[in-house]
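Just need the whole structure built from these sequences, with the hints factored in.
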Amino acid sequence: RIMRPDDANIAGNVHGGTILKMIEEAGAIISTRHCNSQAGEPCVAALARVERTDFLSPMCIGEVANVSAEITYTSRHSVEVQVNVMSENILTGAKKVTNKATLWYVPLSLKNVNKVLEVPPIQYVRKEQEDEGKKRYEEQKLDRLETKQRNGDVIFPIINPEPHTVGYSQSSLIHLVGPSDCTLLGFVHGGVTMKLMDEVAGIVAARHCKTNIVTASVDAINFHEKIKKGSVITISGRMTFTSNKSMEIEVFVDADPFVDESRGRYRAVSAFFTYVSLSKEGKPLPVPQLLTETEDEKRRFEEGKGRYLQTKAKRQAQMQQAAQH
Amino acid sequence: RIMRPDDANIAGNVHGGTILKMIEEAGAIISTRHCNSQAGEPCVAALARVERTDFLSPMCIGEVANVSAEITYTSRHSVEVQVNVMSENILTGAKKVTNKATLWYVPLSLKNVNKVLEVPPIQYVRKEQEDEGKKRYEEQKLDRLETKQRNGDVIFPIINPEPHTVGYSQSSLIHLVGPSDCTLLGFVHGGVTMKLMDEVAGIVAARHCKTNIVTASVDAINFHEKIKKGSVITISGRMTFTSNKSMEIEVFVDADPFVDESRGRYRAVSAFFTYVSLSKEGKPLPVPQLLTETEDEKRRFEEGKGRYLQTKAKRQAQMQQAAQH
Amino acid sequence: RIMRPDDANIAGNVHGGTILKMIEEAGAIISTRHCNSQAGEPCVAALARVERTDFLSPMCIGEVANVSAEITYTSRHSVEVQVNVMSENILTGAKKVTNKATLWYVPLSLKNVNKVLEVPPIQYVRKEQEDEGKKRYEEQKLDRLETKQRNGDVIFPIINPEPHTVGYSQSSLIHLVGPSDCTLLGFVHGGVTMKLMDEVAGIVAARHCKTNIVTASVDAINFHEKIKKGSVITISGRMTFTSNKSMEIEVFVDADPFVDESRGRYRAVSAFFTYVSLSKEGKPLPVPQLLTETEDEKRRFEEGKGRYLQTKAKRQAQMQQAAQH
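Protein chains in written order, with UniProt numbering: chain C, 1 to 325; chain Z, 1 to 325; chain A, 1 to 325.
Hints in this document: simulated from the structure, not taken from any laboratory. Treat the hints with care, as some may be off.
Note that identical chains are pooled: a pair holds if it fits in a single copy or bridges any two copies.
What the hints assert, rightly or not - Mimicking DSS-like on lysine-lysine, the simulated pairs with C-alpha atoms at most 27 Å apart in a straight line are:
#1 K96 <-> K245
#2 K280 <-> K111
#3 K229 <-> K210
#4 K228 <-> K280
#5 K280 <-> K210
Written out as C-alpha cells, the structure is:
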C-alpha cells in the first residue's frame, strides 16, 4: 500500500512501527491460512515472537510497500514465517529492501482461546532446511524463557530531570484497546502492540537528541501474554544505552484489564529498540551520550553496550563471510 | 489485508466503499508505476473514471481481501486497469470473487498538475485485445461527456418529510480533506471520494428501509474535477428508484476550496449506487417502495427504472451467452 | 502521543476536537479504574459532563501531547476528573499548557447499562477540598437541568444564503457510529462526539471567515442521552455571535437509532464552541461580523453577547485576583 503522511514523521520517514504492523499482518494471514489448511478445529494464529529486525533503509511518504511472506519452518505447535518488505518508488521505479523479519506464530483454537492446536507440517525442498529451522526453533525457545524472567522491571517517574539523563527522555503512553486493534479472538494484534512500542521509543529518542530520528533495529520481542479487548495498555520507554551514533531504548507494555476483576495489571511484552539520528541528507549524526546516575542505570548501560558490541561483531562476521564468497 | 470491525456495518458486512477504496489504490499504484516506466517527466496517475461495478458477494469481518490489478489498455493519455478482488476466509480456505472493476487513469505531471503526460504503450498478446480496448475507450469517452451535462442538479432540503418519500431518506455529509486523503499532488484520491459516497448512499438506503443493507453495484463514475487538500466536500445522496428488492441512490460530491478564494463551490463527482437489503441468512429482502411527490422525482424514478431494466436485460443476455458456451 | 498531520488543519494547528478526545479518553480510563477498584459489579464510566474549557495555546504537528488526569471529587454516583494537557516540542524541549479540563463521569453497570452504580469515595488531603468539590458538584447539577430544557432547538436549512449570514455558514455532518467509536457497553465515547462537534463548528467558522481558524474554548457540555452503536448521528452547527475577534458556534447532536425501531430521532448533546482566526504569525485576526436576519437570530446573538461579556468579566476578575497575590 501507499505510505501516507500519517505513517511518517515530520521529516517524511515512515515510522518503523507502521512497517512492523504490516509485517505482522502478513505473517498472521499466512500462518492462520496454513494452520487451517487441514480439516479440524478452526484456529487463529497468534504472534508469539519476532526475531531481531534491522531496518535497512528508511521508507518515505508516497512510496509503495511490497510485503511478501513465506512459511519457513513448522514445529508441532508453532509456525516460523519470513516476511520481506521492499519499498518501491513508483515514480522512479527504484526498489530497496526495507527489512526482513522472522516471526513465530502459535495456532489458538477459535472456540477455546487457551487451547494450542497442532500445526500441519510443511514440505521442505532440502533436508538441511528442516534441520536449520529446528536449530532456529530451539534457539528462540531458550531466549523466550530468559525474557520471561527479566520482565519484572518498572519505570519510575523522575521530577525535574537534567537533559540527557535517563529520566529526562523517559516517556509513557496509555491506549484503550478498541475493536479494530483485535483479532477474531478478541486479543490485540501483535502488530498493533509493536506500532505503539515504536511510537513511545521514538518519542524517547527524539527527546534525547532533539533531531530527526528513525528506527534502526528492533531486538527479538517475545509475546508472553495476550491482551484482551477493552484493556488499557501502558507503554513505557527509557533509554538504556548510547553508542556514538545510536540509541537503545527499552520498552515495556503493561496491560490492565481493568473492567474484568479477575486479574490485575500485568507485564505483556518488553523489547529493545535501536534508533539513529539522520541529517537532512540521510546521513547518521552523532548522538549526545546518555548520562547514567543510579547503579541500575549504569548496569543497564553496560548490558546495552554488551548487546551493541555483540551485534556489531555478528555483523562484521557476516560481512567477512560475504566477502569471502 | 484483514477486514476489521471498522470496515463493516453492524451485521458484519464490509462496506462497499472500503472495497472501492482498496480497488482504487491498487489501480493508482499500477498505473503510476507504468506511466513512470520510461524516462521523462515524473507523474502521478489520477483516477478519471470507474466503470460500473457489481458486488457479487458480501465480504465479512476477519476475511482477507486479495486485490490484483492488471493494465489492459493504454490510449495516448489514459490507462485502463482491471482490478479483481477475492475474499478469502482464512479459517476455511474458501475464496469468492467479490468484485471486478475497470478504472481509467490519466498521468498528471508532478511539476505541473494541469499538464497531462503521454502514456507509454503496452504490448498486447493478441491484436483483438487492442481493438476491444480501443472500443471500450471510445465508449467511456462518450459517457463522460454525458455526465458532465447532468452534473448541474442540486439536492434541496425538505422539512418534516413523510416516511418513504425522497426527502425522508436524503442525507448529506461534510468532510474536511486531510493530508492522508490526498495523493502526492495534494488532490483527493478517487478511492477516498468513493468511500465517502458509499457511506452517504448507505445511510440513505438504511434510512429508507431500516434494515441491514449492502452495496449491490455502483454505476460508472466520472471524475471531472480534482479536489484540493484543505477543501470541504459535501456529499449528498437521495433515493431515485426502488424495484422490489433494490434501491437506487444518486450521490453528488461538491467541493468548496474555501480557504482559496479564487474559486467557489463546484460539483466534483456524481454517481448512482444500488443497494439491497439482506436478511440474517443473507437473502435479499423486499424493500418499501419509494413515494415520489414532485414532477422531478417522478421523472428521476422513471429514469432509474430505465437503468434498472437495461441492466437486467444486459445481465440476462450475458447469462444466455454463458449458457450457450 | 505525537500529533500527526491528520490531527491538524492545513496550517498545522491541531484540531481542538483531537485534544478533547484525548482528554475524555484519559478521564474515562481513570474513572473506570476507580469505580472498579472495590469488589462489586463491574462497570464502565460514562461521560456525563465536561466543564467549560479554554484552549490556551495551539498545538502543532510533530509536538507530543502529555495528558495527565486526577480524580478530584466523588459524589455518591459521580466522579469529577481534572485533566491537564501539556504540549511539548520534543526538538526544543519547550512545554506549554494547552488546556485544563474538568469532566464528570457516572459508573454504569456492565451487565445492565441503565443501572448507575455507587462510586467508592476518595480520601481528601484537606477538608476544604471536599467542600469545594461538593460546591462544584451542586453547581453543575443545576446547569445540567437548564440545558435539558434548551435542547429542543432545530437548525433549518436555508436556500441561497448571503455571505456572513447565519444560513451561509451553517453546516451539518452525518456519521454512522462504528465499533471503534464505542465503549465496552456499545455506546459512543463522549470524546468521539466532542471531536465530531468540533469538526462541524470548525467548518462553520472557516466558512464564515475563510481564514485559518482554531478552537479557543468550549462551553460546558452535558451528555444527557447515550448514543448506541449502529446509530446515525447528525451534527449541525450554526453561528450565533461574533465579537471583534471571536465567533461563537452552537452545535447540536441528534441521534437516530434507525435500525432499532423502538425509538425515533432524539437530541443527544448540544454545546457552544468559540473560535478565533489566526494570522500566519499566530496573532488573532478581526473576523467579519455575523449578519442576523430573523428575530430568533437576533435573540441568539444577544444571548451570545451575554455569554461573551460574562466570560470576559470573569477572566478580568481572575487576572486582578492573580495580580493581587
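Violated constraints from the hint list, given by number and in increasing order: Hint check: nothing fails, all pass.
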